[in-house]
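With chain A's structure known, arrange chains B, C and D on it following the hints.
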Amino acid sequence: MTLVLAGLGLVFSGGALAALAKGNAGRLISTITTLASFLLLLPPIYSVLTGGETRQMVLQWSEPAGMVRFVIDPLAAFFMFIIALGGWLSAFYSMDYMRAYREDAQGLSAYYFFLHLLIASMLVLVIVQNAFVFLVAWELMSLASFFLVSFENGKEEVRKAGLYYLVAMQAGAAFLIAAFAFMSFKAGSMDFARFSEVFHQDAGLSLWMFLLFFVGFGAKAGFFPLHTWLPLAHPAAPSPVSAILSGVMIKTGIYGLLRILLLMGPPEKGLAMMVFLVSLVSGLFGVMNAIAQRDIKKLLAYSSIENIGIIGMGIGLGMLGQAYGQPGLTVLGFSGALLHVFNHFTFKSVLFYGAGVVYARVHTRNIEDLGGLIRFMPWTATLFLIASLAISGLPALNGFVGEFALYYGMATGLLSASPGVILLSLVGIAGLAFIGVMAVLCFTNVFGVSFLGVNRRPFAHAPGEASGWMLLPMGLLSVLIVLIGLYPPITFPFLQQVVGSLAGEAAPALRTELGVLYAPVVRAIGLFALILLGLFLLRSWMLRNKRIAVFKTWDCGYQAPGSRFQYTASSFAAPFLSLTRAVLPVTRRLLRPQGLFPEDASFESRPRDLADVVLFSPLLGLLRKFFGLFTWIQSGKTQRYILYGLVFLLLVIIWIVGGG
Amino acid sequence: MTDLLIVFIGTSMLYVFAASRIEAYIKTLSLQGLLFFLLVLADIDELNDVNFFFLLFETLVIKALVIPYFLLRVIRKNEIGREVEPYLSQFYSLLIASMVFIAGFGMAFWSLEIAAGIKPLYFGVSISLIVSSLLLIVIRKRIITHILIYMLLENGIFLLSLSVANEMPVMVNVGILLDLFVGIYLLVIFFNKIHAMFDGSHIDVLTELRD
Amino acid sequence: MNTALLLVPVLSALVLLPVRRKVLTRVLLIGNAAFYLLYALVPVLGRPWPAPFFLLNGYFSLDDIGFYFLLILSLVFAASALYSLTYFKEHGLDSRQESIYGAAMLLFLAAMTGAILSAHLALLWVFVEATTLTSAVLIYFERKKTSLEATWKYIYICSVGIALAFVGIIVLSVGSKALGSLFFADLYTYAPQINPFWLKIAFAFILVGFGTKIGIAPMHAWLPDAHSEAPSPVSALLSGTLLNTALLALVRIYEIMTRAGLSSFARFLLLLTGFLSILVSAAFMLRLVNYKRMLAYSSIENMGIILLGIGAGGGGIFAALLHSAAHSLSKASLFLTSGNILHLHHSKEIKDVRGLLKTDPRTGWVWLISVLAISGFPPFPAFMSKFLLIKAFFEAGLSGYVVPLFLLLVIILAGMGGAAFDMAFGQPPVPSGPPVKQAALRYLPQAALLLVLLLVGVHLPAKVLDLLQQAALFLR
Amino acid sequence: MMEGLIVFVLIGFAPFLFVGIINRVKAIWAGRRGAPLLQSLYDFVKLMRKGQVVSGTTSFVFRIGPTVYLGGVLLAALLTPVPGAGAVMGFAGDFLLFAYVLGLGKFFLILSAMDTGSSFEGMGASREATFSTIVEPAFFILIGSLVLLTGHLSFEGIFQTLNAISGYTVLVSSLSVLCLFLMLLTEGARVPVDDPNTHLELTMIHEVMVLDTSGPDLAFIQYASALKMVVVATLMAHLLVPPDLPAWASTGLYLALLAATAGAVGAVESLIARLRMSHVPQFIFLMTALAWTVFASVLFFSQGDF
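Chains as they are written, first to last, in my numbering: chain A, 372 to 1031; chain B, 2 to 212; chain C, -12 to 463; chain D, 14 to 319.
Just chain A, with the same shape it has in the complex (with noise of 0.2 Å):
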């Protein structure tokens, strides 16, 4: 627990130093203080993770909090580590990142600053057993993000993200601060201990209670339609901001589910399939529209959204296995949502870090702008390629590993009794499996056009290769990629503990049925593996001593063909598009061609945000309306003033005499 505490405050003392350090020092410090708070983490998270017992300190602070207890528990330790981990990355990440802003000292001394304050929030949020302190830790993450998020607050739409950000968090944390006030209140106590004698002691109040958490923690962690703060966040804010956004902060809203779940004990069996379900759509949804984006960061977010909504099928799994009391289930669904939560937020990050690259040498997001960067910066481009392989749950990278334990939990799911379990798992195969084509359509796109081919417009300075500080943290993230992909067994130790206090009785055999379960992939993996080197090797001595020549494209005949005669992402996916066009709403302006000899003609195409198009847009401007008949009372006039407090004396005399 010692290390623990000197860790965190290692994490915040360092963002206080970075703050007040002049020039390079501060990114410096910035990068060894969460480096050191990540080594001394590390030997209780493995103790805890690996089944040691569980590390706990009580504290006694003042009214309203009372007894705050700090408890390392697996599923602590398991956000722990990613928190940590994706800290100090995004740290080490910004050494290069961010120099690009030095100028601006105050706002860098702004940005370390918070950003250390994020992680250290978090780190204590996963810790902490006190819905007092729990609250305040999480404002404080959304504060520290919004101001991470709002950094280049000197562009109109990024503060306008920022704001949207920070309402959309506070709108959720008030379904939080109502839920655990109400808990308190029941509980007459803040500690988790007791809430969760509360909800043992009656279930119609945990189901409304989870319908609130959910809604509270589903509006942080992006679950449809509570998502549209993602899209707009993410890509104001510097890129290892985003990173951290995407790869661990949205994790903390399924941390908090499954830390209610761990409370509440097995969930009503409506609520298992609401969370499933909500989470499939999601799946859909984010895939759906991260394929019509063209902001290669939007694109991303919504890609978030999507392995958020996996994620949720994952815990929705695990509570349908715990409502239904199949063991199988439970165990399945809680190990391919962790193991998802950690590999987005290995390739998510290693995507996001690669955006940064190209915005840093490019300075842009669009990218039907890029192309042919792979020439430039083959590293990222190559990091960035297992990532989308990765993303997409191909084979032999990570994250096929999460995906297959939740296909094989719903293949399990269809032996089960239940009809509706049964319809559910295929719904759910079928739903994850178009999400995975889906997710291969976007990625090969955004690939394909920016790293493949060639520059679409002119470079104005050929750009160059990320530096070694941007490419360590890639790199290191690509490592675990491959090596849980190749291995998927390393990972079992870690998962054991964490999947066992979720799943309770399931818990033993657990980690023999993983073993079990996935000794054969390993070796068809191993097989695969085998087969690529024969045939590479195959392919190279036939090519031994032949000639190769190089030669421009195949260019059907025509004599002049430009860069900008390549497939753009829009024509990519517009066939696509044009099958899903009933959920994604897409402005469309086109100026036709006119006359003979036209001058000039133009198309352009914005895609929407479904639940912003039919959800907020429309009940914003309801609320401006509704608000707009207030206007007449502040009319200036004296004598109107004094009359309202006569009509509502007058009506108060009215209601008393009425006998009130």
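The hints are all genuine.
25 Å max Cα-Cα, derived DSS-like pairs, lysine-lysine:
no., chain 1, residue 1, chain 2, residue 2
1, B, Lys194, B, Lys142
2, C, Lys131, C, Lys338
3, A, Lys917, D, Lys63
4, B, Lys142, C, Lys132
5, A, Lys996, C, Lys338
6, B, Lys78, C, Lys132
7, C, Lys76, C, Lys424
8, B, Lys194, B, Lys78
9, C, Lys335, A, Lys526
10, A, Lys1008, C, Lys132
11, C, Lys132, C, Lys338
12, A, Lys531, C, Lys335
13, C, Lys131, C, Lys9
14, C, Lys131, C, Lys76
15, C, Lys131, A, Lys1008
16, C, Lys335, C, Lys76
17, D, Lys59, A, Lys923
18, A, Lys1008, A, Lys996
19, C, Lys335, C, Lys424
20, B, Lys194, C, Lys132
21, D, Lys59, A, Lys917
22, C, Lys131, B, Lys194
23, D, Lys63, A, Lys923
24, C, Lys131, C, Lys335
25, C, Lys131, B, Lys142
26, B, Lys78, B, Lys142
27, C, Lys76, C, Lys132
28, A, Lys1008, C, Lys335
29, A, Lys526, C, Lys338
30, D, Lys59, D, Lys39
31, A, Lys1008, B, Lys142
32, C, Lys131, B, Lys78
33, B, Lys142, B, Lys28
Now the in silico label distances, taken between C-beta atoms and shown as ranges:
no., chain 1, residue 1, chain 2, residue 2, range
34, A, His832, C, His333, 41 to 47 Å
35, A, Gly886, D, Trp261, 34 to 40 Å
36, A, Ala574, C, Ser334, 54 to 60 Å
37, A, Pro749, D, His212, 34 to 40 Å
38, B, Gly201, C, Ser334, 25 to 31 Å
39, C, Ser168, A, Leu576, 47 to 53 Å
Hints in this document: simulated from the structure, not taken from any laboratory.
Note that the structure is a prediction, hence the values are computed from the model and not measured.
Where a beta carbon is used, it is the ideal one built from N, C-alpha and C, also for glycine.
Only chains B, C and D this time, still in chain A's reference frame:
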């Protein structure tokens, strides 16, 4: 005797509704002050001497003489003649005022029934005074008129307090009087400034600040 | 010592008016502030605060809740007094103006203290009215057309309102004729004997009357004008202390209602007005152009929240008291900072102010942090109080109110946050050179207030907690 | 040992034969004699011997693409059980890996097409990706319903128990076969989805993606596509081969069915015209519809009591 005085006070209010010359209002004010003085002299007996004399002083000196004179000087200085056309025409406002007045009598009888230990007529009339002055505030447009009506309102409240005859401690009375006095004083000062700064002392010039 | 609370400011004002010396003004302002601060803080910092005392055969007394509000008053007044010094310099006032300003401030202070100390209903009324009169002078202090208009509305509407409150007092004395006394002590003890009908009528009048001073809807309409047109340090006082003082007055009456067993009636009215206030401020928050008016509307909102807390009862009262402190300090800091902003940009329009963090980082950060503090972000106490308020709602079985309340609060955050962040962030309208650095006194008071808030918010000191609970006990 | 040998022989020759049969059927239908059955094998060998012409814009992705594609298909083939011989590798959940390695191959095929920066190949890639978004879910629904029906989570298990259950499953099997046949046409880029011997780039899907590929890479791709068809055809055949035959018989029957499938493809190719590109999705969607029908009937069957 006392009833007569009180009815006079009430009717003086009606006169305010009827009249449109500012000076007339002020005269009414001082008249009311005088009537109060007589009322206190004639009817109030269960007070201790200090309060009694204080009341006499307040009614005669302050309400009947000082404040009216003060206000008179103001309107003379700013040569304000009559009230401009109010939001509600003289006729209707008079109509309403008389209704309020009658309602006041109704209140009086009602208070007689519930016998809450208050002097019925005082009560009824004072209520009608208060209500009608609030009505005036809402319908009249001249800023100076508002000051005067504020005084009338205070008079109504004064009568109400008499109706209860629940004696306030001296220092409280002093405080109340002080507030009243300073209030009027400030109102007048600001009125003068408004008169100087804005064109016209019409209440609607004061609608710069709005959302 | 306690008598001094009232006498010192009055006397110093009386000295100040004839003797018009700049030095004297400043000395007396700071002196009084220091005296109050000392008086209020010493008990909190260790010694038990003085036992309830009576002076002028019981017309004044200082109970726990009174002491709590006195504490807030002295903190805010100190900040505002300090800031006033730079205000003098900024506007280059001559000795006469300074002395008038100083005297008015001190009388204002005395009036509020009187209102807090009054143990007699009518006396309380007298002092509340006195606050109106004394503050009116300050609101008009900058002698602009708009400030004159604001002052007129303020003084006239409040006077009429207060007059209604007096009607209420008389009606109450009708109801309590048998009792024949308007001392709170007696009213509390014999509350059950007061005729409920008259009591209700009286409460209605007093709610409207004092409500006008508190600035709760629908009697709030004057507030944005007055608070936005007054000089910034005065706005800070108006928003940070005057509203509280009027609130305390209402609370004292409300206590009669509860003791008379009419709490459900009173609670309904409080909740109603509270919600109306929040609704109104939310309605205007989204369409404001003037940042001082924005702060004023936020005051309306916070008063509404406090009323909700009192109306909810139970833990809500604790929450309300805590929130009143949170609001006063952060709002004072905001209004003082708005003075800095006005000095930098010479405009009260939100759209004219951009990039504070670049033009004057200190002002920018103080502004940002204060906004966060008042929007109820941890680690500031407003978060605590909101949480406890919601909890109290559940305790009181008012769960239905929680959702609309949160909706409105989020909207208000959207409006206020949007404006405030636009002002702090962004590019300065005129490409300014190196960051400006104003006089230290233009940051220190706010910083001090925020520091206090931070300390309270992070770890509520046992002493303060104790004081709060004692004060909350006043309303059982 | 024997099984393994069979499988390897199959993987080695069946694709060439399969394509040969298709072309032969088409030729006969068109009244020609047609190329020798193993023509595509000769082409394969020839291409393997050739050098390469690569576009200047391409990167290493273009070079590894075809190989990974072939690798994926090969692994899929090894996961596919052959009647009477079984699969080289079979395990619970193997169908997931099966689908996903095919996906991996497709991913690289698409990328290597885009790597050339040619608008035609981009177009083909886009179509390939779009159509597979319809095929994939349908395939999973189909296998899912078979899992539900048989209670087994591996190809082997499914096919072992499938036909044994009852005569009722004939319905399911035949529907599934039809479904897989559509998959074969789509994945194999045959008429009516795509026309392997069209000459207009704008109307191509699969062929246009490999315009710039040459030499061994082209050989790999062609072989892989053929093998893919064989693999799907194997699954189809497996649905029809009764499980309780002796090994040699089932294998023989299987080979016959394989030939028949090829013939069917050829027949379709000769009879039906290629669909308009905009109508292709609807056609492929038939597969999804069939899959759902299968599921519905299976669900009804397995929950027979309601």
